[in-house]
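Mind docking these for me? Both chains are given alone in their own frames, and the hints should help you get the complex.
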Amino acid sequence: MKARRYLARTVLGWAAGVLLGLGAQAAEPIRIGVVLSTSGPAASFGIPERDALVLATEHVNAGGGVNGRRIELFHYDDKTNPTEAARGVTQLVASHKVVAIVGPGTGGGALAAGPVAERLKVPLLAPAATIGVTDRKHSFFPWIFRVGVDDSKVVHGILADMARHGLKRVGIFHQEDAYGKAGADYARSVAADLGVEIVEVVSVPYNAIDVGAQATRLRNARPDAVLLQVASTPLATAYVKTAEQIGLKAVTYAGAAMVQKTFVDSVGKAGEGIRVTSIGNLAHDPSPSEAKFAEVVKKAGRTPGGWMELIGADAIMAIVAAAGKIPGEPTGPAMRDAIESLCGFAQYTRGKTCLSSDYHEVLNESSLVITEIRDGEFRTRK
Amino acid sequence: MFQLLEYGVRGLLSGAVYGLLALPMSLLFLTTGTIDFAVGAYALIAAAVAVTVGGVAGFAAGIGAALLAAALMALVFVLLKRRGNEDSITVALASFGLAVGIASLVLWRWSTQAFVLPSFATFWDVGGIRISPQGFINLGIALAMVGLLYVVLYRTDLGRMMRAAAVNPRGAELAGIPVTRVQCGAFLAGGAVAGLAGLLIVCSSGLDYTIPLPLTLAGFGAAIIFGIRSPLRGFAGGAAMGIVEAVSAGYASSVVASLVPSLFVLAVLSAQFFFQSRFSGDRP
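Those protein sequence lines, which keep their order, are chains A and B.
Heads up: the first sequence begins at 261 in the working numbering, then just goes up one per residue.
Heads up: the second sequence begins at 75 in the working numbering, then just goes up one per residue.
Chain B extracted, bound-state conformation (with noise of 0.2 Å):
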């Protein structure tokens, strides 16, 4: 039983990541019904420019890094839809590309070198369970911005005019709100989370440049677990998946322990096509 409870707390750490990538999924979809696929990437710059860098100047850096990777994406975007191309489709796999393309510019300027922090050298010991600090930070930021994004779009005016720019793009554009200005902010919210969770990784484990995919997919994977319209359920997803993960890594033969987090993906999924209404509550 004290074996459970110790995978299971590793795993909400390190759910807590996950949740923090969903952040931008939630957040973008909300906006403008949309997928932006460079979240991964936008960790991966953040973390190259931060380590590069070095010391909180670094942290900025990175930040910094990723709000112009992300601005780059809201340029497409923008581009995109004066061209008379709004399919949301189409922007997703426009963020494909940006997402390639910034794995390739960190392999040319940084080749294959991976990216870490040193971490704490201390550990807690939480009733039994011998945890880094860094574990309870990651956890720490990821609620805190779960927290502020939840009351800047259901407490705010500025939020309101985010969900009405996804809903009803022309009426929100007609009832007075800048609706391509909302959604580049969203792209630029989306890409300072995405290169919070790069930092955050770099400290706790480390990354190189064959993460954005993986990062994406588990941020997304996150995102739609609960549904996708609520950051609230995102960080939720990211906790289930983090438990998920860890618990089959400690008790599943090494042959499937990977596939039980998928599994459990498509089992929730699965439930939600039968069970609508009681778990993608909140339809537009």
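Excised from the complex, chain A in its bound form (with noise of 0.2 Å):
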């Protein structure tokens, strides 16, 4: 009779189980966009992200997925153009009802899109890192999160370093766009409070092919250490190669863009002892958690890369860790809510971040590492 029990009992869990296993499999996925720039001239930072999310994607789904459903992703790609990102957002949220969306890439793009998300209640991860994003004034603010470290906080950083090390006399070289610019008034604005002074400041065209006269006009300043605003790989090169030939001797700062392998097989030689900062460190001195992705992308066959593809790979950790904590439907408005509510959810990247209503940086400066190339590779500095 017991075993007669037990033996329905089996039956009847394995029964339940499977049924249960169907209807976890048959579950509707949870529909996300993405609106990055893989075209144009930020592809550069949208590529990776896009692979990188892709892969965080596979790895989620692998697993079960989120509270057994899996994740399906929905592609546009913007061009790196304001306005065909604020039309991918009405686009992938009108035919595919994706409920978050992973971008846009670029700041323009960003505060485009803003009031699109704010008008269809849909939550955007921007892995943007123009200041003006997050600003608490746009009546957007609510519906829009960064992915990432922003321009001011890697300047501070690296401004804060040259002190610590007794670098005092500082030179700028930045490229004249939104980016180089708001970077080096910043870097101006609390020099002195970070006890350096700022000797010169030059500006290059994105696209210069040469740099040899501002490269001469920043060594008549005789500055200690150079901070290199540009996130264009040709024009830093340019820079590295030609202060070697003008005898620059200042120590070289960089910012995040130039964590780039073809940064270094670029600059070669002249470029040890450059120091680069960086969103945590995938390639070369991971965290544990980092490990943890470079395990990822390693088993898909390809060689882990630099910052961008932590942070695209956390945007969707942002997404699982949201999604998870919604008992019900997942709509616009309750991952947005969840999303505000995230508290040191499982980042690949170093770091821990609380968000709240009025802070929405879903990674900050506690993921920054200074990195310093030797022999080849961006090394973490102690």
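In short, the hints are calculated from the structure, not lab data.
If you're wondering where the values come from, they're calculated on a predicted model, not measured in any experiment.
C-beta atoms are modelled at their ideal positions from N, C-alpha and C, and glycine is treated no differently.
Where hints are given, some of them may not hold.
Stated by the list, open to error - Reference listing, derived: stretches of chain B covered by chain A, where coverage requires no fewer than 3 residues with Cβ under 8 Å from a Cβ of chain A:
1) 78-88
2) 186-197
3) 201-207
4) 266-279
5) 310-322
Said to hold, decoys possible - DEER-style ranges, computed between Cβ atoms:
6) A:E625 x B:G129: 38 to 46 Å
7) A:A420 x B:L142: 46 to 54 Å
8) B:Q77 x A:R562: 42 to 50 Å
Below, the structure is given as structure tokens:
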């Protein structure tokens, strides 16, 4: 009798398990939009971000998804064009009913798409470094989050490191656009507080093929350190080569845009000792959590790159964590509320952040690392 | 004063590359009466192929790739001509399309990789100014190409045919000049020169897929500033732009430094408007 009851229970349990399993299998996927610049000038960020978030999503799905539901991605290339970015948000919500969007990846795109997201009630997780993206004075602020670290925190970290190492006379070499100029202006405004002096500022057009004159002008100001506020690898390379040729001996610091293998390869020996700020250090000195994502990348047969991969993956991890908190059907507003309540989610990048109704930074300065190029690798400075 | 001289010398060296880019513009305008806006894209594809193949073979392959791209443009030109569309603006717009196509091809194949080759680790001290040997190589090659083009255009039969083809295509054809072939030749020669410029840039600084339009505009600016009809003037225009750029980068505030070269082009062009006979001498 006992045995029969046991058998019945086992069979029932098994059947229920199968049914539940089937239910989970058949559950609607969670629909997530991706609006990144995979062509145009910002493609150097958009492509690795997209590739990484696809890998992270596959990894999550392979592990059973979120509450038994798969994550399905819908992609839109904004071509580094803010108008296209806003159009992409509209289209993904209208045609694919997405409940959250990773992107747009440029500051201009994020600012253009913000009002659209507010109207359609879908949260944006923008991997954009432009300071104004998460400005609270925008009416769409509740609907926009930044996955990344804004430029001002990067510049602040660099100037503080210079001061710590006694490099008091600072020159700035910046590209002529919003990114370059905002960084240079910010550096000027905080230099005195951090105990450094800005002795010269030179600017270069984004596509300059020669920076001899600008480097000469910097050299004549005799700086101890030079901050490269540029996002173009050829431009940074041209600076490093030219500085060596004209005898400009200052220590070079660069922002996160230069954490790229192409930069190290391009500058060769002249690059040894250059200090580059990074978000995490995926490729060379990963933290334990970063190493986990490096494994995911390697399993897919690729080489771990830089912080673009990390922020792409963490955008998905934030969405996974938020969706996991929602008991019923995830909707745009429910996702927004859940993202805003995240505190210490399972992010791959080192560091920890707690969001709130007036703090929309999915990553923060605790994820920043200052690396130094040694033997062609970005080693974390102790 | 020494500083001014240093900025001037650096400007001249970088201006040499602008001058080199002005050559295809002048050459094509002289033979077809149109402008090839894909010049910067030829430089890009040459650089991309050269870096990928590597070594001396890479340089040859790079020039080959630029020639191939220019051949494509020549084909488009011939097809447009066959369809009776000889408006020079149509060809110019088509070349814009080709430039975008080449940039997309590079982005698709090489992604956003920067193309750079290691440069000389040494430098030469010229009167207290430290200059990379690459700078002199650039200047030497640019001067050699200008000289070569000048001799071909103005001292050979081929040159006469090329000029006749633009001035009066129908008349030239009646006189037995293979106008279309000569014009295609001009596209190819322009492609090769632009490819060469791309290789020099790769060796001296570096470039990526965003370079085509800025390079084309630099070449175009250098070509028109003192008159597009002469390669010598194109080179002078390039050198002048380089010098003005360097001096303004050296002295002007960083807010206006990059504005000055454009103002310079504008000023020279407006001056030409008022003193036309003095500046744009050799009219057709």
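Evaluation of the provided hints:
no. : hint                        : verdict
1   : 78-88                       : holds (count 6)
2   : 186-197                     : holds (count 9)
3   : 201-207                     : holds (count 3)
4   : 266-279                     : holds (count 3)
5   : 310-322                     : holds (count 4)
6   : A:E625 x B:G129: 38 to 46 Å : holds, 45 Å
7   : A:A420 x B:L142: 46 to 54 Å : holds, 51 Å
8   : B:Q77 x A:R562: 42 to 50 Å  : holds, 49 Å
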